[in-house]
Amino acid sequence: GESVGLHLPTLSVQEGDNSIINCAYSNSASDYFIWYKQESGKGPQFIIDIRSNMDKRQGQRVTVLLNKTVKHLSLQIAATQPGDSAVYFCAENMNSGGYQKVTFGIGTKLQVIP
Amino acid sequence: KAGVTQTPRYLIKTRGQQVTLSCSPISGHRSVSWYQQTPGQGLQFLFEYFSETQRNKGNFPGRFSGRQFSNSRSEMNVSTLELGDSALYLCASSFDRSNTEAFFGQGTRLTVV
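Residue numbers (this note's numbering), protein chains in the order written: chain Y, 408 to 521; chain Z, 903 to 1015.
Be aware that one or more of the hints could be misleading.
[What the hints assert, rightly or not] Straight-line C-alpha distance at most 30 Å; calculated DSSO-like pairs for lysine-lysine: (1) Y/Lys449 / Y/Lys508; (2) Z/Lys915 / Y/Lys478; (3) Y/Lys463 / Y/Lys516; (4) Y/Lys478 / Y/Lys463; (5) Z/Lys959 / Y/Lys449; (6) Y/Lys463 / Z/Lys915; (7) Z/Lys959 / Z/Lys915; (8) Y/Lys516 / Y/Lys475; (9) Y/Lys516 / Y/Lys478; (10) Y/Lys508 / Y/Lys475; (11) Z/Lys915 / Y/Lys449; (12) Y/Lys478 / Z/Lys959; (13) Y/Lys516 / Y/Lys449; (14) Y/Lys463 / Y/Lys449; (15) Y/Lys475 / Y/Lys463; (16) Y/Lys475 / Z/Lys959.
These aren't lab readings, by the way, just hints derived from the structure by calculation.
With the hints as constraints, model all of the structure from the sequences given.
The following block contains the structure:
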């Protein structure tokens, strides 16, 4: 069946280092993939997305890599800051019968050590 | 520009009761999606509304229902509440149905006792 999963439930990173959060997906028909950040007590916040016809996309301090061969998605955060501490979700979006269907992973908690 | 507003923020109900949650999307956004978030389960899609019509539905029982009004505001209803319905219910709005950049509200924390 369709699934989006994360390799590591918790990731601890030293402030200033780069963070890499990984995500595996199983549905090769997905149109695009999205990363969300959720801070405690808040709703998820869109970070960046990437379409299935791309393999890399960069934003401000973040880069998303898509490897369709192994169905793997990653989010790289450069120079991690304490404010980056949150739960990060990957999500895949698929057009199914004319409808958009978004499936979220469980999430990875990023802890930034000052 | 105001963000997505969900009311109430917190709610305590007893088993068997029903509850209605409200979501006001960002002005101009016409697509509203609802999600249930529980510890360890991540976000699970409930349903999506666009132009007052349910366009997509997740794998939840019929006790979960929703609707959207002409001003794009949406409500979801859960009848005959069960303990397992305790969760954070999140609403997300986007301009259209492509959902590339959905904006989430802060959610309604529902506790069923």
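Quiz item: Hint by hint, which ones does the structure fall short of?
Solution: Numbers 2, 6 - these are the hints that the structure violates, sorted from lowest upward.
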